[in-house]
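Based on these hints, arrange chains B and C with the ligand on the given structure of chain A.
Chains as they are written, first to last, in the working numbering: chain A, -8 to 319; chain B, 26 to 462; chain C, 32 to 86.
Treat the hints as calculated values from the structure; they're not laboratory data.
Just so it is clear, CB atoms sit at the ideal spot from N, CA and C, and this is done for glycine as well.
Please note that the accuracy of each hint is not assured.
To be verified - Straight-line Cα separation of at most 20 Å, PhoX-like style, residue types lysine-lysine; simulated pairs:
#1 B:Lys300 - B:Lys176
#2 A:Lys37 - B:Lys459
#3 B:Lys163 - B:Lys176
#4 A:Lys(-3) - A:Lys264
#5 B:Lys459 - B:Lys437
#6 B:Lys291 - B:Lys176
#7 B:Lys176 - A:Lys38
#8 B:Lys83 - B:Lys144
#9 A:Lys83 - B:Lys300
#10 A:Lys32 - B:Lys459
#11 B:Lys366 - A:Lys61
#12 A:Lys83 - A:Lys148
#13 A:Lys148 - B:Lys459
#14 C:Lys62 - A:Lys32
#15 A:Lys318 - B:Lys366
#16 A:Lys293 - B:Lys83
#17 B:Lys163 - A:Lys309
#18 A:Lys264 - C:Lys67
#19 A:Lys76 - A:Lys38
#20 A:Lys2 - A:Lys189
#21 B:Lys459 - B:Lys429
As the list claims (entries may be wrong) - Some chain A residues flagged as far from chain B (calculated, every beta-carbon gap over 10 Å):
#22 Met41
#23 Gln44
#24 Gln89
#25 Glu271
As the list claims (entries may be wrong) - On the chain A side, residues computed to face chain B include the following (Cβ under 10 Å):
#26 Glu5
#27 Lys9
#28 Asn29
#29 Ser56
#30 Gly82
#31 Ser86
#32 His90
#33 Gln184
#34 Gln285
#35 Ser288
Chain by chain, the residues:
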Amino acid sequence: EKARKKGLQTKAEETTLKWYQELQISANQCTQSFEGLNNTKDLQTKKLRMELQKAATIPVSQISSISGSKLKEIFDKIDKLLSGKPVVSGGKSVSASQHPNGLDFVSNKLAEKFVKQGEEEVASHHEAAFPIAVVASGIWELHPKVGDLILAHLHKKCPYAVPHYPPMKDGTSVEEYQKILGYRVEDGGVEAQDSFLKRMSGMIRLYAALIQLRWPYGAKRGPDPHGLNHGWRWLAQMLNMEPLADITATLLFDFLEVCGNALMIQYQTQFWKLILLLQETYLPRIEAVTSEGQAGSVTRLKQFLQSSLRVRNMHPPKGQLSSHFWKS
Amino acid sequence: DGDKTGEEDDKDDKAAQSLLNKLIRSNLVNTTNQVEVLQRDPNSPLYSVKSFEELRLKPQLLQGVYAMGFNRPSKIQENALPMMLAEPPQNLIAQSQSGTGKTAAFVLAMLSHVNPNNKFPQCLCVSPTYELALQTGKVIEQMGQYYSEVKLVYAIRGNKLPRGTQLEEQIVIGTPGTMLDWCLKFKFIDPKKIKVFVLDEADVMIATQGHQDQSLRIQRMLNKQCQMLLFSATFEETVWNFAQRMVPEPNIIKLKREEETLDTIKQYYVLCNSKEEKFMALCNIYGAITIAQAMIFCHTRKTAGWLAGELSREGHQVALLSGEMQVEQRACVIDRFREGKEKVLVTTNVCARGIDVEQVSVVINFDLPVDRDGNPDNETYLHRIGRTGRFGKRGLAINMVDSKFSMNVLTKIQDHFNKKIEKLDTDDLDEIEKISS
Amino acid sequence: VSGGITKTTLTGGSAGSLFTPQSELTAEELKEFENKRFTLGQIPLKPPPAEMLVV
Ligand SMILES: Nc1ncnc2c1ncn2[C@@H]1O[C@H](COP(=O)(O)OP(=O)(O)O)[C@@H](O)[C@H]1O
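Next up, chain A with everything else stripped away, as it sits in the complex:
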């Protein structure tokens, strides 16, 4: 019988952390499995690795909101690759079954690539989250292992996506710790707060899009590969923890703007209870840790909550793919 916790916590619940760690462990195992392929000195194998990597990553970089048929083409290409069938890339045919660890290799590359696309592209262009997420969701449905790898990569780059606030351990250097928290650290120093927040926003927006989207051409028989129940979990876990200055307000806003509407439809009154708690009790806690010059993120969140509560509605996000899109 665990002791009843009072008030806000400083870290995520045991189950959350365990899940996070298991994902990291199995992702590491996956990486180890193709170490031979990664470090090969054999020219032929090296060439194969290059072709596999291209076959995995280039389609992801081509995802855009241009048309549904284009997305389907991309999806089919990735699905074929993950099914061990030959795909043509750059005029050459390649297949993951050409190497015993080929599938692990491409699965991992794909997962990494999806997350990077969120960090780079969604960060500077929010609406890009939807086409990327819908393809990722479809791939996840057919190839669950890729899904787990996506989570592992996402969590590593953005611990707030767990959400997890890694504590500073004895013996960790400040620089190392900043990296663990998701900051880019280079010889020039640590990256500016605005640039860091922008990247984290990109990844959270991608996650928020992922949990609510489903590939429209799938069989749709099973449950969502990683659905809105995770949206509930993420939001509940965030609100159970002590807020972090600037970060918490920024990410809550990003998350709600993208999947608040879907959560509202799914969980109805229970969702509004979350929003009320956020507005009445949690927001003042955020404000208490906010210093001068950080008011932007809090104001945006506050404004969003107020206007949603006023009209008792959370609007669908801008850039969502319409049924019209899928006919194009």
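Frame of chain A, contents of chains B and C with the ligand only:
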């Protein structure tokens, strides 16, 4: 391939350049230089603000500012905003490169000075072209999204109003000719009631015949108490003379243009034997690194067209920007590119001269920039590849070399900047991956 | 490639289900869902039961 037949020679159109740069930009430009402030009254205290809250804005406006995603004032805004919002109003001449937050600053000033209960024009803003006026209008609408009592009207050619109209909108934005007509000929606007007069992009303005004179004529109709604000990205003698005639007793703010540097950029070159090989190298690079958006420069229109075709065949979403396009078409291409509809922008050296590509993470010189005589064009190289600010975005530049001639150009560029350009073997995955980490 | 690789079911119920059966909630969790308000720091991580969306 040295086909010079497609060589473009479009004129260096300042207004078009300014517009395209506005469209491609989604961020503040990094600046490390200090702002220089020359106060009209050196004895009055010099205010600067580090946060928007200190400005005591109307709540609707503060909300609008934050809704735009701003967190804190930019360098130039730190000084310019307190001056522009002061009572009594002060005149200002401000110069800083584009992308440093001037537009956002004067829009905020106009919105702050408007009395929404008065249903007549109180702020005038003149811009060099119709398209630029529309861009500023968009900023006004965004920043004023919680201040719906304030209305905006465009004084631009084509916007014809019935004679005798009395405008009710508080803000009028437009081009000098139409604005002058609206004040003088049609009397839609009563110049004596104007509280803020903004002249944007003064350097672009004076490049157009007649604009200088029209602007001055508008200015002379205004009251002495009207606040005059003038902005410019550059400050040559001619701009300065014009500014002094336009703005009496000014405060002056200057922010030196940030030098572009190659310090934060990783530069590489790839050896190829033909344009087909260059294309293959490009594909390999794409497979190895995450490129949110890339811009690829070719020497001729012909090569650009060919490359765009090849990339499309590989499934890439490609946009092609070329010199024969009208400004509106080019603007449309850039807008789509910024929205991410297309991820690769292929363009010719000439066509994209002067476009700021700081937003783009990877720049590829499919052909190296050379001038008409085939000599290395160092200035273009620097502008295209260089980045500003020490903690600015990191960038990656890849140069394709396909002949003795182009190797020679590359070596000269390298010597000129005294910065090593590393060789990259695009058949070696490990090597390409390393460069992007 | 088949089957997810992690075993921890995070959000209760059968993996991937959007709601939690009431039988799988602790007494405290159930109370949180029944009450008009959530208690700060006590929001259940499991999604609400399907029959408790309106309270
Ligand atoms: N204080 C600020 N914080 C963040 N972004 C800003 C700020 N001020 C302006 N921006 C953004 O930076 C870009 C350039 O600003 P702008 O006002 O157009 O500059 P300029 O008029 O000097 O070219 C625009 O995208 C604008 O939205």
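So, against the hints stated earlier in the document, which numbers end up violated here?
1, 5, 6, 7, 12, 14, 20, 21, 22, 23, 26, 27, 31 and 32
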